[in-house]
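Colleague: Going down the list, the protein sequences come from chains A and B.
First residue of the first sequence? That's 0 in numbering that gives the first Met the number 0, and the numbers climb one at a time after it.
First residue of the second sequence? That's 0 in numbering that gives the first Met the number 0, and the numbers climb one at a time after it.
Worth flagging that the hints you see were computed from the coordinates, not collected in a lab.
In this text, a Cβ means the ideal position worked out from N, Cα and C, and glycines have one as well.
Take these hints with a grain of salt, some might be off.
Claimed, not checked - Only part of the chain B face toward chain A is listed, based on derived beta-carbon distances under 10 Å:
hint : residue
1    : Ser13
2    : Arg100
3    : Phe243
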Amino acid sequence: MIEVNELSKVFRKPIRGTGVSGMVKTLFSRKYEEIRAVDKISFTVPDGQIVGYIGANGAGKSTTIKMMCGILTPTSGSILIDGVEPYRRRQQVAQHIGVVFGQKTQLWWDIPLIESFKVLKEIYQVSDADYKERMDFLGEVLDITRFLSQPVRTLSLGERMRADLAASMLHNPRILFLDEPTIGMDVLVKEKIRQAIHALNRTYGTTVVLTTHDMNDIEDLCSRIILLEKGKILYDGPLTSLKNRFGNIKTLTLTVPADIRAETAPVLSPDVALSEEDGRLILRFDADKTALEQVIQYAFRDLKAMDMKIAEISIGDVVKTILEQQEAEHAEKI
Amino acid sequence: MRYVHLYFTCIKRSMISRLEYKKDTMIALFSFFFSNLCSLAALYFILQSIPALAGYSLPEVGFFYGFSMLPIALDHLFSDEFWLVAYRRVKDGDMDMHFLRPVPVIFQVFAETFQPEGFGELILGVALIAVCASSLTVKVTLGAIAVLCIGAVFGAVIITSLKVSMAALAFIFKRSGPLLQIIYNFSNYAKYPLAIYPAFIRAMLIFLLPFGLFISLPVDTLLYGTHDPWLLCLAIIICAAVFFALAVRIWTLCERRYESTGS
Numbered sequence: 000m001i002e003v004n005e006l007s008k009v010f011r012k013p014i015r016g017t018g019v020s021g022m023v024k025t026l027f028s029r030k031y032e033e034i035r036a037v038d039k040i041s042f043t044v045p046d047g048q049i050v051g052y053i054g055a056n057g058a059g060k061s062t063t064i065k066m067m068c069g070i071l072t073p074t075s076g077s078i079l080i081d082g083v084e085p086y087r088r089r090q091q092v093a094q095h096i097g098v099v100f101g102q103k104t105q106l107w108w109d110i111p112l113i114e115s116f117k118v119l120k121e122i123y124q125v126s127d128a129d130y131k132e133r134m135d136f137l138g139e140v141l142d143i144t145r146f147l148s149q150p151v152r153t154l155s156l157g158e159r160m161r162a163d164l165a166a167s168m169l170h171n172p173r174i175l176f177l178d179e180p181t182i183g184m185d186v187l188v189k190e191k192i193r194q195a196i197h198a199l200n201r202t203y204g205t206t207v208v209l210t211t212h213d214m215n216d217i218e219d220l221c222s223r224i225i226l227l228e229k230g231k232i233l234y235d236g237p238l239t240s241l242k243n244r245f246g247n248i249k250t251l252t253l254t255v256p257a258d259i260r261a262e263t264a265p266v267l268s269p270d271v272a273l274s275e276e277d278g279r280l281i282l283r284f285d286a287d288k289t290a291l292e293q294v295i296q297y298a299f300r301d302l303k304a305m306d307m308k309i310a311e312i313s314i315g316d317v318v319k320t321i322l323e324q325q326e327a328e329h330a331e332k333i
Numbered sequence: 000m001r002y003v004h005l006y007f008t009c010i011k012r013s014m015i016s017r018l019e020y021k022k023d024t025m026i027a028l029f030s031f032f033f034s035n036l037c038s039l040a041a042l043y044f045i046l047q048s049i050p051a052l053a054g055y056s057l058p059e060v061g062f063f064y065g066f067s068m069l070p071i072a073l074d075h076l077f078s079d080e081f082w083l084v085a086y087r088r089v090k091d092g093d094m095d096m097h098f099l100r101p102v103p104v105i106f107q108v109f110a111e112t113f114q115p116e117g118f119g120e121l122i123l124g125v126a127l128i129a130v131c132a133s134s135l136t137v138k139v140t141l142g143a144i145a146v147l148c149i150g151a152v153f154g155a156v157i158i159t160s161l162k163v164s165m166a167a168l169a170f171i172f173k174r175s176g177p178l179l180q181i182i183y184n185f186s187n188y189a190k191y192p193l194a195i196y197p198a199f200i201r202a203m204l205i206f207l208l209p210f211g212l213f214i215s216l217p218v219d220t221l222l223y224g225t226h227d228p229w230l231l232c233l234a235i236i237i238c239a240a241v242f243f244a245l246a247v248r249i250w251t252l253c254e255r256r257y258e259s260t261g262s
């Protein structure tokens, strides 16, 4: 179980000038600015849950993860990982968590993968029987057996990420922190990684905290999401209620004759928004307010649609909308 | 016991890494040997033109130089990774992996590299000592032998401790390589008898950066019986213990200031 309470992290950075003269002035200046990367956030993750931790770049996701796994010391507030503070008793917590940073490998660069695993086996004191069982399991779900004898530097990005995931699961951690585990992966590798996370969660009941920019990861894996913006939590709850927050939004993409334009087309009701993209018309509406049937009729009759595609709002759109609203509110205040 | 076993596992890993690049290892071994040979040659030519250095004869100065290489070589074998920490790894946020493992970070840094180049210096140092000793006529006592051994081994501990302390500052300043370099360069002073230096440098080399304590004083004790060898042994061991304890303390304090890098 992870308990985060009023957690903050403030970085102190000297206020820098630009260019050489500015940098020289910085040397003698004692002015600092404070950057609140994480601002008084609280949440609890029960055992066995898969949580999606999402937000724009620089929202404070990685900083929170780094505090939870003991790399960074919080400025204030507290974190308890199974009742233990990771920044006070780092080693004790490290034994029970696994961490993957998509951007950085934790494997030794120039030795065969299997040698890295052997060292990790010693570091985490994994017994021979457990090691064998785990390697069989990971070999199967992550398909890493093929390149075990290759040095890590010769692996492709997808192979390397699978290897990193395997390394983080070797000691059967109770909690897994994954910071962008699918970044830069192709569709097949992403799929494989998601399946592996699912398998691990089912087989061992591992708790997973996952940050990602890929909304498919979220929809596939997470029952709960925490949305972070500028160091604060904007939303924390199940995926479905976030989706319904804006109603039952659907979009219709229509192929229409060239003379039908968004500005001039007949309007059904103010609830149905019309826009144009790549010569196609996009209708956006709340299916709970305006019946789908009615809109389709309108599309064929009034807009002379030749083809159409119906889509539900994606979680990506929801997040985008929330973030845009935030930006707008922020701009108004200023 | 667990840590001894773990250390050897990690060292084996480090050796496998080195052997991945065979030519690189050979070049490094050779270049270290060669650069030391060059400085020895330079010393030889200088001493050729002056009959003696502050009363020390050529073989005596050679003995000094050879002996000074031993603690430096031992330190080089075991703690080379701290150079990288000081110059690069903290700045690049490359220490994250160590913070994620259930083993002290400082132990992991020690276990990260074993530098076989150190053997080159060790062999050269011993050879130089052997050559110079053959042309010296001193009464070798058990105490003198002991103080030389203690000086070499615990001297290495002191050098390593200074290195660890300076590298630890990188956690605060992001990069402490140049600072480490300055401290380390003082070991060059210790390659010559203390007698050639003015009093304040002499004092500094005994009390502050005690290179003189474990290099010059033991050699003087062997050559001229200047100090009580057993008392000197004790002083070196105590000094090494204090320095090491301080270094570990400084490291653990600084470690918590580690900030990593964004993403």
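Colleague: Does the CB of serine 13 of chain B sit less than 10 Å away from some CB of chain A?
Modeller: Interface hint status for serine 13 of chain B: holds (9 Å vs cutoff 10 Å).
Colleague: Under the criterion of a CB-CB separation shorter than 10 Å, is arginine 100 of chain B in contact with chain A as hinted?
Modeller: holds, 5 Å
Colleague: At a threshold of 10 Å, is the proposed contact between phenylalanine 243 of chain B and chain A supported by beta-carbon distances?
Modeller: It is violated, given that the least Cβ distance between phenylalanine 243 of chain B and chain A is near 21 Å, above 10 Å.
Taken one by one, the earlier hints fail for this structure only at number 3.
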